[in-house]
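Peer 1: These are the residues of each chain, in order.
There are 2 protein chains.
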Amino acid sequence: MPTRSLLASIVGERYVLDDEESFLVYGRDEYPRAFSKPRAVVLPANAQEVSEVVHACYRHGIPITPRGRGTGLSGGALPLHNSVVVSLERMEKILEINEEDHLVVTQPGVIVKNLHDAVEAHDLFYPPDPASLESCSIGGNVAENAGGPRAVKYGVTRHYLLGLEVVMPGGQLCRLGGRVLKNTTGYDLPHLFVGSEGTLGIITSITLRLIPRPRLTCDLLIPFASLDKASRAVNRILMDLGIIPAVLEFMDAHSVAAAERMTGQTFPFSEAEGHLLIQLDGSSETEIEKQAAALGELCLTLGADDVFIAQNSATRDRLWAARRAVLEACETTRPATELHDISVPRSRIPDLVRQLQTLTAPLGVDVACFGHAGDGNVHVALMSDDPSSFEEQLEVLNRTVAHTALALGGTISGEHGTGAVKKTHLDQALSPLEMKLMRSLKAAIDPQGLMNPGKIF
Amino acid sequence: MPTRSLLASIVGERYVLDDEESFLVYGRDEYPRAFSKPRAVVLPANAQEVSEVVHACYRHGIPITPRGRGTGLSGGALPLHNSVVVSLERMEKILEINEEDHLVVTQPGVIVKNLHDAVEAHDLFYPPDPASLESCSIGGNVAENAGGPRAVKYGVTRHYLLGLEVVMPGGQLCRLGGRVLKNTTGYDLPHLFVGSEGTLGIITSITLRLIPRPRLTCDLLIPFASLDKASRAVNRILMDLGIIPAVLEFMDAHSVAAAERMTGQTFPFSEAEGHLLIQLDGSSETEIEKQAAALGELCLTLGADDVFIAQNSATRDRLWAARRAVLEACETTRPATELHDISVPRSRIPDLVRQLQTLTAPLGVDVACFGHAGDGNVHVALMSDDPSSFEEQLEVLNRTVAHTALALGGTISGEHGTGAVKKTHLDQALSPLEMKLMRSLKAAIDPQGLMNPGKIF
Numbered sequence: 000m001p002t003r004s005l006l007a008s009i010v011g012e013r014y015v016l017d018d019e020e021s022f023l024v025y026g027r028d029e030y031p032r033a034f035s036k037p038r039a040v041v042l043p044a045n046a047q048e049v050s051e052v053v054h055a056c057y058r059h060g061i062p063i064t065p066r067g068r069g070t071g072l073s074g075g076a077l078p079l080h081n082s083v084v085v086s087l088e089r090m091e092k093i094l095e096i097n098e099e100d101h102l103v104v105t106q107p108g109v110i111v112k113n114l115h116d117a118v119e120a121h122d123l124f125y126p127p128d129p130a131s132l133e134s135c136s137i138g139g140n141v142a143e144n145a146g147g148p149r150a151v152k153y154g155v156t157r158h159y160l161l162g163l164e165v166v167m168p169g170g171q172l173c174r175l176g177g178r179v180l181k182n183t184t185g186y187d188l189p190h191l192f193v194g195s196e197g198t199l200g201i202i203t204s205i206t207l208r209l210i211p212r213p214r215l216t217c218d219l220l221i222p223f224a225s226l227d228k229a230s231r232a233v234n235r236i237l238m239d240l241g242i243i244p245a246v247l248e249f250m251d252a253h254s255v256a257a258a259e260r261m262t263g264q265t266f267p268f269s270e271a272e273g274h275l276l277i278q279l280d281g282s283s284e285t286e287i288e289k290q291a292a293a294l295g296e297l298c299l300t301l302g303a304d305d306v307f308i309a310q311n312s313a314t315r316d317r318l319w320a321a322r323r324a325v326l327e328a329c330e331t332t333r334p335a336t337e338l339h340d341i342s343v344p345r346s347r348i349p350d351l352v353r354q355l356q357t358l359t360a361p362l363g364v365d366v367a368c369f370g371h372a373g374d375g376n377v378h379v380a381l382m383s384d385d386p387s388s389f390e391e392q393l394e395v396l397n398r399t400v401a402h403t404a405l406a407l408g409g410t411i412s413g414e415h416g417t418g419a420v421k422k423t424h425l426d427q428a429l430s431p432l433e434m435k436l437m438r439s440l441k442a443a444i445d446p447q448g449l450m451n452p453g454k455i456f
Numbered sequence: 000m001p002t003r004s005l006l007a008s009i010v011g012e013r014y015v016l017d018d019e020e021s022f023l024v025y026g027r028d029e030y031p032r033a034f035s036k037p038r039a040v041v042l043p044a045n046a047q048e049v050s051e052v053v054h055a056c057y058r059h060g061i062p063i064t065p066r067g068r069g070t071g072l073s074g075g076a077l078p079l080h081n082s083v084v085v086s087l088e089r090m091e092k093i094l095e096i097n098e099e100d101h102l103v104v105t106q107p108g109v110i111v112k113n114l115h116d117a118v119e120a121h122d123l124f125y126p127p128d129p130a131s132l133e134s135c136s137i138g139g140n141v142a143e144n145a146g147g148p149r150a151v152k153y154g155v156t157r158h159y160l161l162g163l164e165v166v167m168p169g170g171q172l173c174r175l176g177g178r179v180l181k182n183t184t185g186y187d188l189p190h191l192f193v194g195s196e197g198t199l200g201i202i203t204s205i206t207l208r209l210i211p212r213p214r215l216t217c218d219l220l221i222p223f224a225s226l227d228k229a230s231r232a233v234n235r236i237l238m239d240l241g242i243i244p245a246v247l248e249f250m251d252a253h254s255v256a257a258a259e260r261m262t263g264q265t266f267p268f269s270e271a272e273g274h275l276l277i278q279l280d281g282s283s284e285t286e287i288e289k290q291a292a293a294l295g296e297l298c299l300t301l302g303a304d305d306v307f308i309a310q311n312s313a314t315r316d317r318l319w320a321a322r323r324a325v326l327e328a329c330e331t332t333r334p335a336t337e338l339h340d341i342s343v344p345r346s347r348i349p350d351l352v353r354q355l356q357t358l359t360a361p362l363g364v365d366v367a368c369f370g371h372a373g374d375g376n377v378h379v380a381l382m383s384d385d386p387s388s389f390e391e392q393l394e395v396l397n398r399t400v401a402h403t404a405l406a407l408g409g410t411i412s413g414e415h416g417t418g419a420v421k422k423t424h425l426d427q428a429l430s431p432l433e434m435k436l437m438r439s440l441k442a443a444i445d446p447q448g449l450m451n452p453g454k455i456f
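In order, the protein sequence lines correspond to chains A and B. The first sequence begins at 0 in numbering that gives the first Met the number 0 and counts up one residue at a time. The second sequence begins at 0 in numbering that gives the first Met the number 0 and counts up one residue at a time.
Keep in mind that the hints were calculated from the coordinates and are not lab data. Mixed in with the good hints, there may be bad ones.
Just so you know, same-sequence chains aren't split out, so a pair can sit in one copy or run between any two.
[Claimed, not checked] Straight-line Cα separation of at most 27 Å, DSSO-like style, residue types lysine-lysine; simulated pairs: (1) K112 / K92; (2) K112 / K289; (3) K152 / K36; (4) K112 / K435; (5) K228 / K289.
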């Protein structure tokens, strides 16, 4: 039976897409350099249909690429090997918000921002906040173990996961974990699936722990003349003040310049080499004000050029719009760019930035670094005005970035996943034994290798 | 070659124990009803020796039972199937405390209290705090994914794990994960090993994330006439005050009575059905005082009989000594007892306690419930004055407790693991598909089934 008929018999003709325009949309994620034409795109309405689709593909040996909202940056949703894209976008209901037990049960296609808004209306809080939160799905967040700025205080997606409903590679619907905060009943299977990038099954329902919503926030922008000074300040903020800010980000001068180019706005002290962008949160106004004052004073004694406190929501929104714009700005304001998602021990950020600048300068490539100073997760944008030589150098550049991160005790992907893009550097990052272990887990759960082929492995 | 010679050739004669006295010690953990004579006990000095011991056992098809400090409550370290006990007690060095990057690298045999003290001397904090913290090892904590009272605010062992060094079932030494807070480089293997109860390998080194040490704590004891009232107060504390206490425990009247019997001290309002024991922490004295006052007022409006604030460290220590004594008190002050470690969604705790009391009363069995009101993890002590009829009823009693927890949306083990004891109820708690998945993971990593045999599976 042709793939189209096979799939249409389950979800209906309307929800199988195989036109060229759809292929252009579903043949890629937001990693700009990769495209792969899918065999077909199917949009199931519920777990039962996902199960039947997977079972049908399994019987016919057809590979499957699960897809949330396609906002990934590592090619995790790239439909390699002539696979069928199973898009979860129609499964966008929040099934339960439980105020007593502080949990939410949601379908995978829900946009993260909608999930945030829905639980916050109940005075609850789901902390993970990837930059793409207005367009990415919670299912994709679980598959990639998404992070975001608030990870420094609140952790990543994994830390909120209680239970999953998953369609296994053979099509069986399986519930893993549950609704409890502490669970040592056998292996904790949800924790194997989070971050497995769709290579072990398709998530059809997610149960997440929530916490009480912090009532108040206060945002600060603090420029330092050097990244070393900013980095020392990060550690002193954490240690001397005895608080963990909700957000503790940095941007270097290249990142700020890119954001200025794109937004047309100017930044105070835009030439500063290390801007810290900090959010405090809590439930007491006087306490937050005291903390902000202490933080500002501490930073001034540590050599900050100035301390800007966002006094109102307009200032705050402008601050964060600039931070969120950096990624897009780096990608769009220069003719040739490549983005990395490096994780290093926090104290090594200045070394990382310095070494990358030294290594790439002779090649005529600029490096912008920004991201999560508090947790050591640095986004590195390589930028050039000469696309053709950039493309030629890219493989060497990428291996150089990976090598630099690893040599500093870090790793090649902090929160964007391995996918199809970073897997070429996996042999640098992992030992043969780790690789073998991962392969044996994959083989145990997906012996035919049909689930999201060409990712990680 | 006899097992003794095989092992002695690696670790030296002195560190192989095969006398009857050692067998009595190493043939059990703290679950009182189970003993199994080991084939031998070996005490390796380092990872290399662990690797050689495991490799030697593997070649000879000898099963292995890894052991931390033997404080487990689910028979996880019970040397079933004539296995060799590999005790990690000699590996008790803290290898690195990193103030800049807020992490600790430790050998597995370190006592958790010693780890706490060592990192707190650097103004850092490792939150997980199982009741046995003065005698249990950090390796055992990782193997069992240990929790403790502070989990309500700070999470369990899993949430602090960054990297592991593990000896695999064939003897290979393997590093998993690393030193970074965010890591999406392939599958997150440390998260498969945490909570796997020694069935996948032996942990020889652990890298844990730390946080800044909270400067101040304030402890409150708040008695309520009923568990319903106490339970409602728990939710209102979390929601209305907008803070998560560091600790949010409860004890029912039976638990308090047992603690009084053992310690010889009396509790205020000891007849109250729901005592809440709360710890606030933070860095600002005025803020904590304000929170404590608001918390006390809130509880009084919700029907608390009184609010006791521990004004000094002597009072605080007495409070916590009583809470920590409950477990031992339940076990030692009655002729026949059995302890369960149930997890339910927080709001179901009153239902759980009521149903257990109703179900067990006709059998002449008392039920004491205490534990982690904030996260839904309840320790249930079944107590009787008639050992012989208790033993006869025990299987039915245990199935009843498991069934009750599961029917309330909970599970049969919150933080004590599955081990040899709870595995008899695993078929109640897990679906056949979940069981099959767990078995396939075990088979992928330990195909010979030599690592901690008879646990979980």
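Peer 1: Next, verify each hint and record whether it holds.
Peer 2: Consistency of the hints with the structure:
{"no.": "1", "hint": "K112 / K92", "in the structure": "within (13 Å within a copy, 46 Å between copies)"}
{"no.": "2", "hint": "K112 / K289", "in the structure": "neither (30 Å within a copy, 33 Å between copies)"}
{"no.": "3", "hint": "K152 / K36", "in the structure": "neither (40 Å within a copy, 47 Å between copies)"}
{"no.": "4", "hint": "K112 / K435", "in the structure": "neither (37 Å within a copy, 36 Å between copies)"}
{"no.": "5", "hint": "K228 / K289", "in the structure": "within (23 Å within a copy, 36 Å between copies)"}
Hint compliance for this structure: hints 2, 3 and 4 are not met, and every other hint is.
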